[in-house]
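Residue numbers (this note's numbering), protein chains in the order written: chain D, 1 to 168; chain H, 1 to 492.
Source of the hints: derived by calculation from the structure; they are not laboratory data. Please note: incorrect hints may appear among the correct ones.
[Said to hold, decoys possible] As a list, the in silico EDC-like pairs of lysine to aspartate or glutamate whose alpha-carbon atoms are at most 16 Å apart:
id	chain 1	residue 1	chain 2	residue 2
1	D	K154	H	E49
2	H	K6	H	D64
3	H	K409	D	E106
4	H	K409	D	D55
5	H	K186	D	E106
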Amino acid sequence: MRRRIDLLDEHYAVTVLGQPGEQYLQVADGETQPVVFNVGADCHGSIQLGDQRADIQMATKGETAYIRAFERTFTLRIVDPVEQAAQEAGGSTNTARAPMPGTVVEVEVAVGEAVSKGQPMITIESMKILMVITATRDGEVSHVHFAPGDTFDKNADLVTLKEKKEEE
Amino acid sequence: MANITKVLIANRGEIACRILRSLGQLNIPSVMVYHPVDADSPAVGMAAEAVKIDGPTPVAAYLDVEQIIGACKQTGADAIHPGFGFLAENAKFARRLGEERIAFIGPLPETIKLMGNKVAARTFCIENDFPLAPSVAEADAGKDFAEHAREIGLPLLIKAAAGGGGKGMHIVRDIKDLTQSIQLAKGEALRAFGSDEVYAERYVEQSRHIEVQVLADHHGNVLHLGERECSIQRRFQKIIEESPAPGLPPRLRERLCATAVVITQKAGYRNAGTVEFILTPDGEFYFLEMNTRLQVEHPVTEMVTGLDLVELQIRVARGETLPLKQEQVKIEGHAIELRLYAEDPENDFLPATGPLLVYRMPAGKAVRVENGFAEGMTVSSAFDPMLAKLIVYGSNRGQAIERGLSALKDTLVLGVTTNADYLARILSHPAYGCGQVHTGFIPQHAKDLRSPPLGEEERNLLLAAAALSNRGFIDPAFQVPEPYRFLGNWRN
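Build the full structure now, drawing on both the sequences and the hints.
Here it is, written out as structure tokens:
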């Protein structure tokens, strides 16, 4: 079975072959290597891939895995094929997303308004920290997803742009 | 003076647990107020009684003076400990409690008012000749504020007059950012403190933030409990504090502490407080502000003095004389506090939220853990993102650092991004090791403090672990063995 896994903002195609007890794993088009995975109820465990091995601490929830290893803590997302298809079809640079969960303080642009790169579009607040979300490129506002006072989660779409209307 | 027989804690989280512990030791019954989002929190479980409070937001509930007074009347609590944040520095609240004959465990309302407005505190210092950094208040300069601020020279710090906790603070290094920074600071100040009054102060590069713990009773006695070094900050908020301050010449330490005591006396201060100073690289110091409450980092002082500050606060509030004299205050060993935050150091320290799937705190004799969360709880954006504080003690600084690293290794939080690994990188940094700390430490060493790069082999091991822990990933036709089922079903 092949799926996409996201780690540190990169996408990786990962294939698992074989059955429990004798499994093989391939990352992208790399070498297919035997893999042994074992994590106990105390979250401590190990992963071995080919001749590489690491002790890890790990928990999962839904399609997300949280792993502490190599003196860091990582979040890995296994992307559902349906979601992957939607993302690939959508194209994403048109939409300003929330870098943190929070509340909308002020919306500075309106649908149909032309914006230029760097122009403030929406002010958000999370735990008393204000942040101004600016346009990443020139364009026209096609959708403002929230009104002042609305709350949103991290990565929520805030403002969507479309190409600017041609000058007549 | 007040006879304190039952104390209500107008707070939540780790500080509520901390206060409850001292109340337990003093055999004083306790009452918690709590918003429903905190119903399962350790503090509510620890308290003898708990009263539910509501509000349009969870924070609003903890700021609702009338509901809190109502909870006192309902339970017969005759005193309130405000902790820090929320109503701790609200003079109106302290005054209201006085009218209701409920003891406020803290200073007098007029002192809170004086020190709570940083512009008023600044005027107080000017009148008393206490050392101050060059500054200008919007209230004095009016329309010409930006102009006057410019005249102080760069870099500048724009601060909220009613501020605290690093909120509403903006540093200006380029004059063209001045107007926008003033606007942002005013906006944050208004939302955080209900007043958009700001002032501008000269920002001293490479300076240290050193503060002095003071304690005053109602009989004219004022003590200092030594200093705390609080320079390791991000977004103007401390993340590591220690006591004593490393490398501080004894004469300078004496002058700092003596100045703090005089400020405390002149302000007519009562109870526990903190006088904050900026120490320049030339060894000059300026009054920064006075915090009229228990500080987040008070445990480092407790570790090196052996005193219980909450107990002393309650004794003072009861009208007792301070049980010790200055010469009886002994500073021994070294203590470091590490603040564990739900935030992402790789992404500008932005707050993180999520479920605490795994939440394990270190233990041991030289480690004190102040914690308000438990496994299974969710970290929401409703409150400040601090999860816990790890305070380590050593006979010297080197040993305290070693123990800090070992405590962080034993800390495991999965499900929410935290700064645990980042704190370990600070402790391991050679500049921190030799005490070369200043408020610009984090930006200065940003490169060194970044996560170690992830090699291809390490990366593939992570991908493998994620893939093999995921039920949907493995062909669903296969039998699912025990460990995967366990992992995949976590808290569904």
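We went through each hint and held it up to the structure:
1. Simply put, K154(D) and E49(H) have alpha-carbon atoms about 36 Å apart, too far for the 16 Å limit, and the pair is violated.
2. Between the alpha carbons of K6(H) and D64(H) the distance comes to roughly 20 Å, so the proposed pair goes past 16 Å and is violated.
3. For the given pair, K409(H) sits about 42 Å from E106(D) by alpha-carbon distance, which is inconsistent with the 16 Å threshold.
4. Pair hint K409(H) plus D55(D) holds up; C-alpha atoms about 14 Å apart against a cutoff of 16 Å.
5. Distance check on the hinted pair: K186(H) and E106(D) sit about 14 Å apart at the alpha-carbon level, within 16 Å; holds.
Figure legend: structure checked against the earlier numbered hints; hints not met, in rising order: 1, 2 and 3.
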